[in-house]
Amino acid sequence: MNPANYIVLSAVLFSIGAIGVLVRRNAIVVFMCVELMLNAANLAFVAFARMNGNLDGQVVAFFVMVVAAAEVVVGLAIIVQIFRTRRSASIDEPNLLKY
Amino acid sequence: MSAPAFGMHLADVVPFNLPSIDYRLIAPILILMGAGLLSVLVEAFIPRRGRRPVQLIVVFVALLAAFAMVLAAAGSRAVTAEGSIAIDGPGLLLQGTLLLVALLAAMLMAERMVDPSGDAFAPRASTLPGSEDERQFTQRGYLQTEIWPLFCFSVSGMLLFVVSNDLLIMFVALEIMSLPLYLLAGMARRRRLLSQEAAMKYFLLGALSSAFFLYGSALLYGFSGSIDLPVIADQITAKPSQSWLLMIGAAFVLIGLLFKVGAVPFHQWVPDVYQGSPTPVTGFMAATVKIAAFGALLRVLYVALGGLQWDWAPMLWIIAILTMVVGSVIAITQTDIKRMLAYSSIAQAGFILVGVVAATREGLASALFYLIAYAFTTIGAFAVIAMARDSSGEATHLSRWAGLGRKSPIVATAFTIFMLALAGIPLTSGFIAKFSVFTAAIAAGDTWLVIVAVLASLVAAFFYLRVVVLMFFAEPGPETATVAVPSVFTTVALAAGATVTVVLGVVPQPVLEMVANADVFIR
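One line per chain: the protein sequences are A and B, in this order.
Every letter in the first sequence is one number past the one before it in the numbering used here, and letter 17, counting from 1, is 17.
Every letter in the second sequence is one number past the one before it in the numbering used here, and letter 327, counting from 1, is 327.
Rather than coming from a laboratory, the hints here were simulated on the basis of the structure.
Glycine included, each C-beta is placed from N, C-alpha and C at the ideal position.
Heads up, a few of these hints could be off.
To be verified - Now the in silico label distances, taken between C-beta atoms and shown as ranges: (1) B:SER391 x A:ALA11: 51 to 57 Å; (2) A:MET65 x B:PHE45: 27 to 33 Å; (3) B:LEU465 x A:VAL8: 52 to 58 Å; (4) A:VAL12 x B:PRO53: 52 to 58 Å.
Please put together the full structure from these sequences, using the hints given.
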């Protein structure tokens, strides 16, 4: 199968993620959308590695997985703490800081 | 070609060689990472009473040792770790500045005299705000020492960020730098709801920006077949036809970096995070993240995307103008001093971008000088903000600062020095910094940009000087904040910030020569 199709798929996934970040209201879902964007980048890296005929892109994908895992740890810690304080994971509710 | 054949083919033609790594040149990064790991172990094995002194020793020794290694490497110009890390003049200069500023920030974070109940951090970040647990931990005088491993890892990420020579290392360094900061932002002892909100906003927007950076890297990799910045540059000159992979990739990478810099329109997180974070963390973040992010931005623009200058220069022109104008104008309307300094930092990022857009050797040198001057001034200003208090914590509302100059003349004078420097008044570092940036921009032909910059700095001067007027020309009332008597930590940080600000304004020549001799980025 033509690897260029995977690039298109990754662009679609990235866009879905970006739109999700903008429109969703639950912090967990927003965060999942960010992870979708990271994985779209991974798919693009692997597909480009195949097209370019070198391994750099596959190596990057491994590093990104590790970084994304670390990000989940930090992110969920922050979101869970907010949820325990406010009993809600909505990103609209914490609005003490504005203007 | 099937997948196994592809793998075998590579194994045949690429023999495995051990990568050559110059450990002496990357020692500062390794020292800070080692210190981070060590202080995790300290958390695990040292009894609670003894943790704080041990942690402080680990952190300060690591920072000083790393700085010594940077000094020892001065003048080096080498690409090491198989092309992943580029040690050169600007990189070393930024690393040295980062370490000195981090040292001052560590002193602010270690301060525990100004708040009667402890330091600036929650006794246990895991307890709920206002709960019985929190009250008991506070009463027993618990201190959160987990901030120190986070601090060390963050600094190591910054040191790596400014010398990374490929997009993968740059992404990893970006995350090592940011992830601890997201957590530190949420750990304030007082006004914890604000602090947690700041942490969440910082995290979600930061993660979004790093996703953009990563996807941009993927597209640049698709264009050039490599993630090394110099190879990307070679490919841009080798393939003159404009590819959408290159254009979108470059734009996404720049968006990721401009977000960290706090440039308009990617600035939304700055005011909230600066206001909500514990003040020592705000000072640390305001000074060091700006240095690290501009270091990486300059390297990407000058090394990888130098051949695209005609494409990114107009875009950065617009962003620089927006950043200066929006930052300066909105800062006027602010009533909270931390939020005002946040918008001020946005405006300052715009002034530094003026030097970046110049894209000449002078432009690079002036941007470096501006970063050094700005970092020391900022850390000093936040040291003062941490000291102006009332019974409920820090008094950050501007009205509480009225008459502070009559009550505590020395501290108010120090704050005046910082405000004058940020406004760019002669005999302070800020004037020399603005002057050299504007000169470089005019020499590069960006006269209109400089005119806008001068107008924006006039607007900015208004809100900086308003604080000075408020402190010295208003009568102190019952509402005026009291300046807490700090320990030697804050005193040293404040004195160092003020001294550097004045010295760079009066005798800037040695540092100006240093940035001029730092040469350009290695390719």
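So, going through the hints one by one against the coordinates:
Hint check: SER391 of chain B to ALA11 of chain A, Cβ distance near 56 Å, so the stated range 51 to 57 Å holds. Checked against the hint of 27 to 33 Å, the C-beta distance between MET65 of chain A and PHE45 of chain B comes to roughly 31 Å, which is consistent with it. Our hint of 52 to 58 Å for LEU465 of chain B and VAL8 of chain A holds, since their Cβ atoms are close to 55 Å apart. The supplied range of 52 to 58 Å is met by VAL12 of chain A and PRO53 of chain B, whose beta-carbon atoms lie about 55 Å from each other.
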